[in-house]
Amino acid sequence: MKHLTLTTAALALMATGAMAQDLRIALQSDADILDPDQSRTFVGRIVYASLCDKLVDITPDLEIIPQLATEWTVADDGLSIDMTVREGVVFHDGTTFDAQAVADNITRSQTLEESRRKSELSSIESVDVTGDYTLTLNLTGPDATVMAQLADRAGMMMSPTAAAEAGVDFGLNPVCSGPFSFGERVAQDRIVLNKFDDYWNADAINFDTVTFLPIPDTTVRLANLQSGDIHILERLAPTDLAQAEADEGFNVVSAVSLGYQGITFNVGNGENGDDPFGSDPRLRQAFSYAMDREAINQVVFEGAYAPGNQSFPPTSPWYNADYPIEGRDVEKAKALLAEAGYPDGIDLVVQVPNTTIPLQLMQVVQSMAAEAGIRVEIVSKEFATLLSDQSAGDFYASQIGWSGRVDPDGNIHQFMTTDGGINDSGYSNPDVDEALNAARSQADMAARKAQYDAARAILSTDLPIVYLYHQSWITALDADIEGFTPYPDGMIRLEGVSLTE
Amino acid sequence: MLAFFLRRVAVAIPTLLLISVFVFALQKLLPGDPLLVLAGEERDPEVLEFLREKYRLNDPIPVQYLTWVGNALQGDLGTSFRTNQPVTELIAQKLPVTLQLALMSLIFAVLIGIPAGILSAYRKGTITDYVANVVALSGLSIPNFWLGIMLILLVSVKWQLLPASGYVPPGDDFWLSMKTMLMPAFVLGTALAATLMRHTRSAMLGVLTSDYVRTARAKGLSERKVVLKHAFRNALTPIVTLTALLFGELIAGAVLTEQIFTIPGFGKLVVDAVFNRDYAVVQGIVLVTAVGFIVMNLLADMAYFLLNPRLRAA
Chain A
3 MKHLTLTTAA LALMATGAMA QDLRIALQSD ADILDPDQSR TFVGRIVYAS
53 LCDKLVDITP DLEIIPQLAT EWTVADDGLS IDMTVREGVV FHDGTTFDAQ
103 AVADNITRSQ TLEESRRKSE LSSIESVDVT GDYTLTLNLT GPDATVMAQL
153 ADRAGMMMSP TAAAEAGVDF GLNPVCSGPF SFGERVAQDR IVLNKFDDYW
203 NADAINFDTV TFLPIPDTTV RLANLQSGDI HILERLAPTD LAQAEADEGF
253 NVVSAVSLGY QGITFNVGNG ENGDDPFGSD PRLRQAFSYA MDREAINQVV
303 FEGAYAPGNQ SFPPTSPWYN ADYPIEGRDV EKAKALLAEA GYPDGIDLVV
353 QVPNTTIPLQ LMQVVQSMAA EAGIRVEIVS KEFATLLSDQ SAGDFYASQI
403 GWSGRVDPDG NIHQFMTTDG GINDSGYSNP DVDEALNAAR SQADMAARKA
453 QYDAARAILS TDLPIVYLYH QSWITALDAD IEGFTPYPDG MIRLEGVSLT
503 E
Chain B
40 MLAFFLRRVA VAIPTLLLIS VFVFALQKLL PGDPLLVLAG EERDPEVLEF
90 LREKYRLNDP IPVQYLTWVG NALQGDLGTS FRTNQPVTEL IAQKLPVTLQ
140 LALMSLIFAV LIGIPAGILS AYRKGTITDY VANVVALSGL SIPNFWLGIM
190 LILLVSVKWQ LLPASGYVPP GDDFWLSMKT MLMPAFVLGT ALAATLMRHT
240 RSAMLGVLTS DYVRTARAKG LSERKVVLKH AFRNALTPIV TLTALLFGEL
290 IAGAVLTEQI FTIPGFGKLV VDAVFNRDYA VVQGIVLVTA VGFIVMNLLA
340 DMAYFLLNPR LRAA
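These protein sequence lines are chains A and B, in that order. Quick note: our numbering has the first sequence finishing at residue 503, numbered continuously throughout. Quick note: our numbering has the second sequence finishing at residue 353, numbered continuously throughout.
Be careful, since some hints might not be right.
Simulated pairs of lysine-lysine, DSBU-like, Cα-Cα distance not exceeding 35 Å [stated by the list, open to error]:
hint : chain 1 : residue 1 : chain 2 : residue 2
1    : A       : K383      : A       : K334
2    : B       : K268      : B       : K258
3    : B       : K268      : B       : K163
4    : B       : K67       : A       : K383
5    : B       : K163      : B       : K67
6    : B       : K218      : A       : K197
7    : B       : K67       : A       : K120
8    : B       : K268      : A       : K383
9    : B       : K197      : A       : K197
10   : B       : K93       : A       : K120
11   : A       : K383      : A       : K120
No lab work stands behind these hints, which were simulated from the structure alone.
Based on the provided sequences and hints, a complete structural model is requested.
As structure tokens, this is what we get:
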């Protein structure tokens, strides 16, 4: 009898389960702490796209559009931004969203000791709340990047009540104002979000719950989609692309990412920067000429990614078309080596993360370089080690990339300016510094682009980083999913997405 | 028996201390700065310094260790760098998952390994023996990850019989939980079954040729009684020890199995923690695993007393 009751209960559960629409999304890894001020993982941002609304959002073409902020005007002197925020928005705990909440959020991002957002908001000097729904951001100087920063974690709005109460532990039970509220989290297993009925744009949301499942193994992730256990899979491996496209049970969409991958040379970070490759740009040029970027894309990534040679992908409006991706030229590479005094070739040690894709990439790079006379020795290191060696200057060349930022500044300034926070190559050129600093304060896009173009003209010869390719975000969807749009930031936005059965 | 028990517990304490020193030192020897990853892509120096202070990584290493021991004695195993969750809470969350996996695997291993071992010893030199040996050898040689992925592709993708991966707590939905855990437990169980089969076979071979077995046969007892009651019972002692020692192998195997089937257990926790240099988590898991191992050994020793009347008398 007891058994029967249990079975009935299970059946009842299953029945309600079928009625309520649950969307299941497989992530490549588990998110870190769910506090927008403290978190740092890519997958964490995917969860936020459903959990936490931002002041502004982006379009697939990287235009900045309203989300919680409805209007904003930059003052003529570039020193302040007037902003109007949406009325009638409430946080998941019932707290009203208003201009004061924006001010509290910015203060938290700037002052919480654990905050990873400080550098992103460093140009905001103060916030004046001028009305219930209007405010002014006062800047330390003209900064064209502020609005783009507010289109990501720095612009995510948390309930000030909950943030004040939970303090540094906010991430254990995050309270925001997005389309879904936090349900439960079992580390490394799942994050469950529930539909928030009072969401300002609730009509665009078609799911009762969203479950995020971290499934690191690419084969298992795909198997889950094939068996119908999940509906959306982020970052399909390029090697699975052909198989996935042939399967009628699901669709594959992709967008070129904002980031890049390449080889960072040590040109001035400690003693190692004095090696031949660090001191003679001709050797780095030779290395670049030895690379067949299109072949790398075809061989390692089945043609699914985008070859690249700059901080921005060729599809970006910031790409400098005067320096297109050149074909491979082994003769030129050899000539440059001879000119630099190495007619018999030269050795180069490159450190690389010890995971499959970077190692495959480096093996292809190694054989291409060898044909030009550059004998590459691959030293594979586990990521934490690679990063600390790179930061300490304990490397000659390093295969590493960057996840990318909406504003072009985020892809270049901190790497290429003398005092840049992550200038691991130790590159320093006053002309580049000047151009990149000037680009930061220009509001006009054409004027900004001119500065980036000027910097690129120098960087294309100096080559502290030899760019190789830009990853694409490949998303596989159950064939019943409709209305999904891939974005260059790789986020999964659920507005207007539905599941037909 | 009590004196024996107490002596064993007393010996366990220095063992645990040694293990904790060893693991702590090993972690510190690992190259790489955990906070560089933790500080985010931008690696803000101010945040880095704050985090170093917060997690006391600026203290000399012996001081760091003593702080950890002091807190551990009070039941505080620290907090995870990565998720800010207390380590004790993480372990309490993950331990039941891995125990379920280990228990189900052990059932598979015992159900397959022991009968196969008895049978192949009894039919030594026949085709049954050879087949059982070949199967056992395959069980040992086929890597877990390969078998796991093949099973997922066949059972979940092709036949759509069982969920491909994940975990459901038995409290939420008992049958779904069993179904989800079936494949991982089978994969982990087969490797152990092979070891168990080989050892059962050799233990049984030794016993089956002994005098009392001949006597039992001479008394006219049925073959069934001779093999299962007289021979097997005496062969059981080494098998019990082995099963207890297999616990270590189970936890090691669980690391891989949990990765493949995305089971949020101990194994997955420890792998992620090592990669993220989440010192407190690694340290906590190793401690708990070591305690588990010692307890299992203790239980095995206790079981001897129950199985072997001669020890009870002594």
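Does B:K163 pair with B:K67 here, judged by a C-alpha cut-off of 35 Å? Distance of about 52 Å is beyond 35 Å: violated.
Compare the distance between the alpha carbons of B:K67 and A:K383 with 35 Å, and conclude whether the hinted pair is satisfied. holds (17 Å)
Quickly compare the C-alpha distance for B:K67 and A:K120 to 35 Å and report which way the hint goes. holds (30 Å)
Need the status of pair A:K383, A:K120: alpha-carbon distance at most 35 Å? Holds: A:K383 and A:K120 sit about 30 Å apart, inside 35 Å.
Taken at face value, is the distance from the CA of A:K197 to the CA of B:K197 at most 35 Å? holds (33 Å)
Are the Cα positions of B:K268 and B:K258 separated by 35 Å at most? Holds, because 14 Å separates the two Cα atoms, which is no more than 35 Å.
Given hint A:K120 paired with B:K93 - CA-CA distance at most 35 Å: Answer holds: B:K93 to A:K120 is near 18 Å, not above 35 Å.
Given the hinted pair A:K383 and A:K334, is their Cα-Cα distance within 35 Å? holds (32 Å)
Given the hinted pair B:K268 and A:K383, is their alpha-carbon gap at most 35 Å? Measuring from Cα to Cα gives roughly 56 Å; hence the hint is violated.
Quickly compare the C-alpha distance for B:K268 and B:K163 to 35 Å and report which way the hint goes. holds (19 Å)
35 Å limit on alpha-carbon distance, applied to hinted pair B:K218 and A:K197: Roughly 29 Å separates the two Cα atoms, so the pair holds.
Against the hints set out earlier in the document, violations occur for numbers 5, 8.
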